[in-house]
Every structure is written in structure tokens, then in C-alpha cells.
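Participant: So you can see what is in the structure, the chains are spelled out below.
There are 2 protein chains.
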Amino acid sequence: MKKGSLIVVSGPSGAGKGTVCDAFLGAHGEIAYSISATTRAPREGEQDGVNYYFLSRAEFERMIDNGELLEWAEVYGNYYGTPLKKIEERLARGEDILLEIDTQGALNVQKKFPDGVYVFILPPSFDELEKRLRGRGTDSEAVVARRLAAAAGEIAAAKQYAYTIVNDKVENAVRTLSAIVAAEHARTRNNLEKIEEMIKGV
Amino acid sequence: MKKGSLIVVSGPSGAGKGTVCDAFLGAHGEIAYSISATTRAPREGEQDGVNYYFLSRAEFERMIDNGELLEWAEVYGNYYGTPLKKIEERLARGEDILLEIDTQGALNVQKKFPDGVYVFILPPSFDELEKRLRGRGTDSEAVVARRLAAAAGEIAAAKQYAYTIVNDKVENAVRTLSAIVAAEHARTRNNLEKIEEMIKGV
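Going down the list, the protein sequences come from chains A and B. Following the numbering used here, the numbering of the first sequence begins with 1407 at its first residue and continues without gaps. Following the numbering used here, the numbering of the second sequence begins with 1407 at its first residue and continues without gaps.
So here's chain A without its partners, still in its complex pose (with noise of 0.2 Å):
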């Protein structure tokens, strides 16, 4: 049995990496989308289970313990964590699941799953990064400069990433996603099976 990719998607705040992943998962029904565990008060439509799993802090430590947590942080006083359990019964099953996670996380993510495949979502430029948060209007200046400041030590963390995807416009991304996705189903890794049947049958 052919076991699923794990398709891991980082980039700065304003790469538009979300709607990248979006797209790419409208495009392609069959790839399943990881959904993270959050402490955060759920925002106006989020709902729990699709935006993500809204856990007390006592559930989320709960996690922690219990190992069920695939990678995890506290950001500006929350917890946000991958849940392990979901994604090693997908991969099992054959079926390719995407996870939208921060730069720190994906490193940790790295290490347990070496042959996942890791994509950085980089912004066309950092002038265009800066006129989209900016843009965006609903942060503070403070927020905006935050963002920034961290946007830089982020872009140098894609040099860990096996593929850099510039999102100069969301078609071509995706284009490009769903091109790496194709071309990780050819690796020969995950052909070895089929190979082994023909020497076999020869």
C-alpha cells in the first residue's frame, strides 16, 4: 500500500500562503487539509472542527502530555499544535494531507517526518510584503512592524524547505504546488512496490 505526502506549506505573514493553500485544496478535493488545535477564542464564523479545534488550555496540556501533539507553541499567550493521531491515519490510508504551519514548527515537523514535502511560500518582494500587511488594514503599526521584523528571520528559515514557490500570483503558485505534489507521487520511494512486481515478473 502506497502511504500518503505530507505536504507542509510555511511563509511569512502576507506571502499569502493561506490563499495559496486554499486554492490548491479547492483544485484538488482528494488532498485532505490538516486542522490545528488552538486555545484562542474562535473569531466571528470560525467553527470548531473546520477552522480549527478549539481546546481549553487544560484539553491542550492534556495533549501535550499524552504525546498527541505533532508539534506545538505558545504565541502571544495561546497554544496552537498539530495533532498527530488525524494526519498518521490519513498518510496510512494513501491519502496526501497539507499542513499550513509556522516556519518553527515545520522544522520540528522536519524531524519526524524527513520525507514529507516542505514548501516555502516567499512574497514577490519584501516591498510587496510590507504594501500587503500595510493593506490589509486591520492591524496596528506596532502589529505591522512586529510582523515585519519577524517576516525576516522567517524568509531565511526557506532555505530548510526542499521548495521555494514565489507568489507573484495565486494561479502560478498554485500551478507550482500542485506540480511538486505530482512529482512527489513519482518519486521512486514511493513507486518501489511497482518496481519490485516487474523485476518479479521478469
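Treat the hints loosely; a few may be bogus.
Pairs count within a copy or across copies, as identical chains cannot be separated in the list.
[To be verified] Below, in silico cross-link-like pairs of lysine-lysine (DSSO-like), each with a Cα-Cα straight-line distance of 30 Å or less:
no.: 1; residue 1: K1606; residue 2: K1517
no.: 2; residue 1: K1537; residue 2: K1408
no.: 3; residue 1: K1600; residue 2: K1575
no.: 4; residue 1: K1537; residue 2: K1600
no.: 5; residue 1: K1408; residue 2: K1606
None of these hints come from the bench; they were simulated from the model. From a predicted model like this one, the values you see are computed outputs, not experimental measurements.
Given the coordinates of chain A, assemble chain B onto it according to the supplied hints.
Facilitator: Frame of chain A; chain B shown alone:
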């Protein structure tokens, strides 16, 4: 300046690698085909500099002595080899180049171009391979038997290629090969300049 990718395609006789490569190159006018040199006589319709560089044994041996061949082999009394200079020139200009070559040659090329994209084309089954070889009707029973025996060893070599494409339908195989090349362009190691620019732009 971004370097081009060397795409190396192998597969047993009858896997359809020639058909796949031709269709792929037809769809990708920007990718050049590496023309081999040989000492065998041109077949009807074959043109020098198009199908092969047709050389005398003395000319070929001079290229061997001068280190002008990426790899070469003597097969059934004829020399076959890959001129190195054109490949290096094209890669330096940022152009991709496709090299269709036997497994023995490909493994030698891997030593010199570890960053190349190594793709093995498999027939859908061994039965189908046999059918295709007999179906050609151009080869004697002895030649078919020899090719089938050789195929067994060649298929085992697939494990040393990064990618394996099962050629069930030419259009599927071409689509997968195109995805592999697109993914290769998105490799972080091929985008380090862009990343460095963005880090400096901070």
C-alpha cells in the same frame, strides 16, 4: 544567474521513453534535447546533428581521449556517447536540457551532475513490455529475447533514479514529466538568489 536543469531519462527498451521524450519536448519548446554522438551508420531518414552526431571511430576516440564526452559506451560494436560541451553551455545559460540515455550511462552522469533530475520510465507491466517489443515486428526473436533479459537488469536500476514514471498512457507520462521539471524549478537550491535578495531587502 539561475542554472538550467539536466533532465536525464532512462528506461528499458519498449518502455516508450522515446515517445514520451518526443511528446514532452514537443510541448516544451524551451527545453533542448541533448544529441548523442555515435559511430554507427545513419539509418534511413536520420540526419547528422539532428538524430545523432555521426562520427568515425577515429573522431569518436579523439573525443574520448580529450575528455569531451560526459559518458560513452561501446554497444554491439558501435560507440555511443554524450558530448559534454553543449550541455555545459546550455546549463550555464539557464536552459534545461533533456538527455535520453541508458541506465549504465545515466549512473555515470549522476557522478558528474548530482543535481540532475533522474527519471526512469517503466512500462505498465512486464507482459506489456514483451508485447510492445514483439509488436514492433522489426526485431528477430533473438533480439527480443536479448532485450527482455536486459530489461530485467535495467528495471532494477530504477531504484537509483529519483523519479519513476509508469508509462501507462503517453499523455499521463508527459504530464508527470512536466510536473517533475516544474517542481525542479521550484527547488529551494535553485532559488537561493531570490531568497538572499529578500533577506537583504529587510
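Participant: Please go over all the hints and tell whether each is borne out by the structure.
Facilitator: Hints versus structure:
1. K1606 with K1517: between (35 Å within a copy, 29 Å between copies)
2. K1537 with K1408: between (43 Å within a copy, 27 Å between copies)
3. K1600 with K1575: between (37 Å within a copy, 16 Å between copies)
4. K1537 with K1600: between (49 Å within a copy, 19 Å between copies)
5. K1408 with K1606: within (18 Å within a copy, 42 Å between copies)
Checked against the numbered hints listed earlier, the structure breaks none of them; every hint is satisfied.
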